[in-house]
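**Student:** The primary structure of each chain is shown beneath.
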Amino acid sequence: MRTFEYLRPATVVEACEMKAELGSKARFIAGGTDLMLEWRRGAVSLSHVVDLSFVRDMRARAATSTELRLGATETLGELAAADGDEWWKRVLASTASRMATPQLRTLATIGGNVCHASPCADMAVLLTALDAVVAVAATRGARTLAAADFFVGVNQTALADDEMVTWIGVPLPAAPTAAAYQRVSRTSVDLAQASAAVRLSSDDGDTISDARVVIGACAPTPARSQEAERALLGMSLVAPDEKALAEAGRLAERATSPISDVRCAEEYRREVSKVLVRRAVLEAAAELARGAAPVAGRPRRAGRGV
Amino acid sequence: MVVRLHVNGQRHELDIEPHETLAEVLRERLGLRGVRVSCGEGECGSCTVLLDGVPATSCLMLALQAEGREITTIEDLGTEDDLHPLQQAFIDEQGFQCGVCTPGIILSSKALLDRNPHPTATEVAGALSGHVCRCGAYTQIVRSVLRAAEEMEVRGER
Amino acid sequence: MSADKRHGVVGTSPPVKDAAQKVCGTLTYPVDFELAGMLHGAILRSEHPHARVLSIDARRALDLPGVIGVVTHEEAPDLEWNGTFFNYRGRIFDGIARFVGDEIGAVAATTPEVAHEALGLIAVEYEPLPAVFDAEAAMLPGAPQVQTAGNIREPNVVEWGDLQAARSAADEVAVADVSFGSQQMAPMGRNAAIAMWSGGSVTLHTGTQTPSEVKDAIAEAFGMPRSRVRVVGLPLGTSFGAFWSNNFMMVACLLARKVRRPVKIELSNTECMAHVKRRHEERCRASMGATADGDIAFIDVHHLFDNGGYGFKDDVGYLVLDLWGARVPAGRFVCQGVSTNLVTAGCMRGVGDVTMGSVVERLADQLAERCGLDPLEFRIRNQIRPGDELRAAWGGHLLRHDEQGYERLIDDVTRQAPAALRENWPQHFRLSSGSTVEMLRSAAEEFGWREKFVGWGRPYFAEGPVRRAVGVGTGIHCCGEEMEGNTDATVRIMKDGSAKLFCSIGRQGTCADTTQAMVAAETLGIPLDLIEVEAGDTDACPWSRGSIASTTMFRTGFKTWAAALDAKRQLLELAGREVFDCPAADLDIRDGVIYTTAALRAADSGGPLAGGVPIPYLMMRDREDTFGPTDSITGRPDFPMPPSMAFARHFAAHFVDLEVDVETGKIRLLRYLAAQDSGTVVHPKVLEGQVIGGAVFGAGFALCEQLHFDEQGRVMNPTLSDYKVLRSTDFPPEATVIFAEDPEPVGPFGARSAGEAPTAAPTPAIAQAVYNAIGVWVDVPMTPERVLLAIEAQRREHTTASGGR
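Chains as they are written, first to last, in the numbering used here: chain A, 1 to 306; chain B, 307 to 464; chain C, 465 to 1269.
The shape of chain A in the complex, shown without the other chains (with noise of 0.2 Å):
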């Protein structure tokens, strides 16, 4: 009979002594919604899973002033439910709550979306523009890696055969910031067939300072485009500029290789992934222009009538 073992490690030490002992016959599940339905369909065969659903210390959030943690076992709709008025709170639960339906949503994981590495992932593109660091562990030691470091291929990591996600960690910018998410699918419950994300900050509250703009669903792994980004460097907030917005788009959509697949065609992911930068950038940019969040634990700023 088709079956395979079952362990459940109570901390993260158990799980990588348990991954380091049983090597790549092991695999990691914590929602399962990915590794059991390839499972199923046969595109994959086990002989252990490792439940980290269990480890209690995996799924805790955390802030401080400059950084978020997010633990790894941090469910889509924890994640979509939470309540705030921090930018990344914003930007991450509506991010979440557009991903997959609510009911998978109670079980998917953001390290499980993260570790599975799909192109259209909506959380890997997301934390990619928010230059988010995965925390890595394993017996022989722990080790962080830059998103753009950790997403290899399609449904490729940078993960060794003993090592597994811990927390991932999103850095909070000093300067007032802004992030956008913005896709585009067939229907309402759908992969994305193209996607951006955008994480604006503004120093002196007219124009961006610091951006980051990164395509998904359009190449192997989240595709950063920093020519976009420097274009955008500069721009008014409340006035944007449609060439700079366009140039950005271009340039964003050079930095990707989209292939056709039974979604959508190559050409629709190209036409398409420039809109919705330019949105994602208008999107971030209003939401600084209204200076609607305070970075936590810093005071507004005052006199800017905001």
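Honestly, the hints are just simulated from the structure, not real lab data.
Among the clues, some could well be false.
According to the in silico footprint, chain B covers these stretches of chain A (three or more CB under 8 Å from chain B) [as the list claims (entries may be wrong)]:
hint, region
1, 2-9
2, 26-33
3, 45-53
List of simulated lysine to aspartate or glutamate pairs, DMTMM-like, C-alpha gap at most 20 Å [as the list claims (entries may be wrong)]:
hint, chain 1, residue 1, chain 2, residue 2
4, C, K481, C, D1055
5, C, K481, B, D388
6, C, K481, C, E1127
7, C, K1149, B, D387
8, A, K25, A, D51
9, C, K959, C, D993
10, C, K1149, C, D1095
11, C, K1149, C, E1198
12, A, K243, C, D993
13, C, K964, C, D1001
14, C, K964, C, D482
15, C, K722, C, D778
16, C, K722, C, E998
17, A, K25, B, D398
18, C, K959, C, D1095
19, C, K481, B, D398
20, C, K964, C, D1003
21, C, K722, C, E735
22, C, K481, B, D387
23, C, K481, B, E386
24, C, K964, C, E998
These numbers come from a predicted model, not from an experiment.
Backbone N, C-alpha and C define an ideal beta-carbon position, used for all residues, glycine too.
Given chain A, put chains B and C in place with the hints provided.
**Tutor:** For chains B and C alone, kept in the frame of chain A given last:
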């Protein structure tokens, strides 16, 4: 291996294979056929159960992963002799056709009304986006939930 | 039976019979059904689109612990079986695979897991054969032949008038060439077939829209008498044409016969979506001409569709011919089916009218624009009205009123009904009732059409990338048809005054058992609560066509009414003879109690209601002729139903307000109003469900549903993650339904049928609204990508036209 599940207020200790999903265990071993498996891939929502009151897909989740959680299926909500207001509202508004998606939808509706007792039609539709009703009864489903919300308000119930 | 009779239960919305079971999750569907001692079957399916099986070696499978038996073409009877409406023709197994996933063999084992594992242990040697994947290629000389009778079916042709002359006379002509991919039923709840033999007799439990025809198919497939076949139709998830008579049902019977134990074959979701059935792939080349005033001068349609591996159809339902062609002086509709090495294609909700109908609607809209008429005006001006002549052919039978023999035959049939009942019955070959005209007017007002329609190709709102516009589309379908078989029903009145209705219908969510019971209750005067329905057991129900082609309310309802009338007649004759000492004509029944009509009249004018004899009293008292009680009374129709195709249609008019994002191509439906004319509405909430359900189904076809095949004929998207269907967040949650109730003289209490026209109307409504929003006609499915491509194509055309500026 042994799994301990808390289902509809009752404790069960079952000897299962590790690969068995929660849906399979609920249906085959506990006879709870109101947990329906249609697409079997987490898309359609007909396998929806409540885990600690929150809607969850049961056709992909391992039964072992549900240990320590309160599992609620449609069978716990009401019986044919003692219907929950939501079930009565679905009957009165004809909020179903073939009935396959109905138990899952009613459970998700219960979870919605628990956290938002006065939803708008749009909020109801949003909360049910994880359910495919191939019969297309969405309009009457939304109406049923809104009616139940009113009823439950009047009765002071949740 | 006129529609102005005061109704008791007809027109109300009581809880449907299985409501409590559905909301409590206690209804047993085929996948839930079990028999003691049953084994589990799994089907071995071909990996090749076209191949001969050279050898099958099941020895390793048979060695697997838990495997009880295997069947292949070597055990299968060498007999072809035919499905309903030519939706299938083939042998259970014949050693030839005709599509990827075709049934080659099957295994029975103690558990489903063992059965599936065993499939992998069966060694099959195939000789791949050349395969053909589209209808046009399959028509070419030298094309691989899929069916032994060849690929090409006889064309189905309807023509009238002088097409040549009409073409020259037309002031405006519009032309279209539209191809349609396959829609997939994507059934919820899947299906299963549980077969059990007892001696030489077989019982099959399964989900089907046509229990009687499954019985016929089994008898034919096994060469056995029908008296030894029993089919029990179980409550079913959605079907939409997927589950009529299907080969997996035959396979279950064959496997159960081999192992001499009950066998259950449960279909996986992928099997349901890729290996059972789908809508045809179709190509419609059509032209329509009009005078400058906007009168349609001619319609010329050439429609090609594929039958897949086992379909044998020569037409699709194209009642659009009546909707648009009734007042047109000349026309030609040619329809032709061709086999291909893709999964079997066949009838699916709204067959033909969803596809061909949408093309005719587009041509009409294009002509309307050119003639300066708005969409409502053009439809009201040109569409069929009651009394107009019908043209629709069915299965090659051309209905022409100048064919004397056919008309006389129909008149003979009609005259068998009592004169008193048929005084308002229609003249044949003319539409008896219903149309889009009144419906369009009142629905347009309810919708606020005038305020929002600002001209062809012009959005009422444009800001940034957003364009908003409205559109209207109309649809039609038949109310069942009688070629190849009729409907039937019997009613049994029990000693205690309760009753049971036996009518073989589908149980796939239409709640037809309740609405049929309502017809019986209304006719008999017995409370609905006392009437139960047996809908699926062929041992209990008389042979009947089943729930296809929008048959149930109209044709089965007619027989239910007639059976109930007969039961009532027997009751009243008995009562008159035994208790009241008066003719049956002086008696009537109300709430299960028999009264004289005089007593009822007195009560209706305000007096007390007296002198009633409850039915149980009548039944239980000793009779003068037999000295004993009346154990039961069986009512059956004693006159036939006139052929529905000769006069009955149902109609839909759908209005949509939508938004197009011209930068992403995304369409968002903002508001939806569905108007329906199905005559008298028997159960408003159930009918509303059918109408909105049809609208959602049709909107899915319009926006996002399509099966994709790879170059080997394999379905590339057999799961819901890539075959997209609409969700609660994709369709306006407060859609409106309004009914136009043009009463039908023949149907029960003025009712006609309902299920399929609402699936045909959404596509033209949405396509027109998109045209009005962005000025481009987009082919379905109108995915964001296709909309964007259409916008860009038009932009390039304009740039070219304006000299490359």
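**Student:** Given the proposed pairing of K481/C with E386/B, does the C-alpha separation stay at or below 20 Å?
**Tutor:** Roughly 12 Å between the alpha carbons, so the hint for K481/C and E386/B holds.
**Student:** Taken at face value, is the distance from the CA of D387/B to the CA of K1149/C at most 20 Å?
**Tutor:** 23 Å, violated
**Student:** Below or equal to 20 Å on CA atoms is what counts here, so check K1149/C against D1095/C.
**Tutor:** 36 Å, violated
**Student:** Does the structure keep K722/C and E735/C at a Cα separation of 20 Å or less?
**Tutor:** Outside the cut-off at roughly 23 Å; violated.
**Student:** Please work out if K1149/C and E1198/C have their alpha carbons no farther apart than 20 Å.
**Tutor:** Holds. K1149/C to E1198/C sits at ~14 Å (cutoff 20 Å).
**Student:** Hey, K964/C versus D1003/C, does the alpha-carbon distance stay inside 20 Å?
**Tutor:** 14 Å, holds
**Student:** For K481/C and E1127/C, compute the direct alpha-carbon distance and say whether it is at most 20 Å.
**Tutor:** Violated: K481/C and E1127/C sit about 49 Å apart, past 20 Å.
**Student:** Holds or violated: are the alpha carbons of K25/A and D51/A at most 20 Å from each other?
**Tutor:** Holds, at about 14 Å.
**Student:** For the pair supplied as a hint, K964/C and D1001/C, confirm whether the alpha-carbon distance does not exceed 20 Å.
**Tutor:** This hinted pair holds, its Cα atoms lying about 13 Å apart.
**Student:** K481/C and D388/B: Cα distance at most 20 Å?
**Tutor:** 17 Å, holds
**Student:** Please check whether the region 45-53 of chain A has three or more residues whose CB lies within less than 8 Å of a CB on chain B.
**Tutor:** holds (count 3)
**Student:** Is the hinted pair K481/C and D387/B satisfied, with a Cα-Cα distance of at most 20 Å?
**Tutor:** 15 Å, holds
Taken one by one, the earlier hints fail for this structure at numbers 6, 7, 10, 12, 15, 16, 17 and 21, listed in ascending order.
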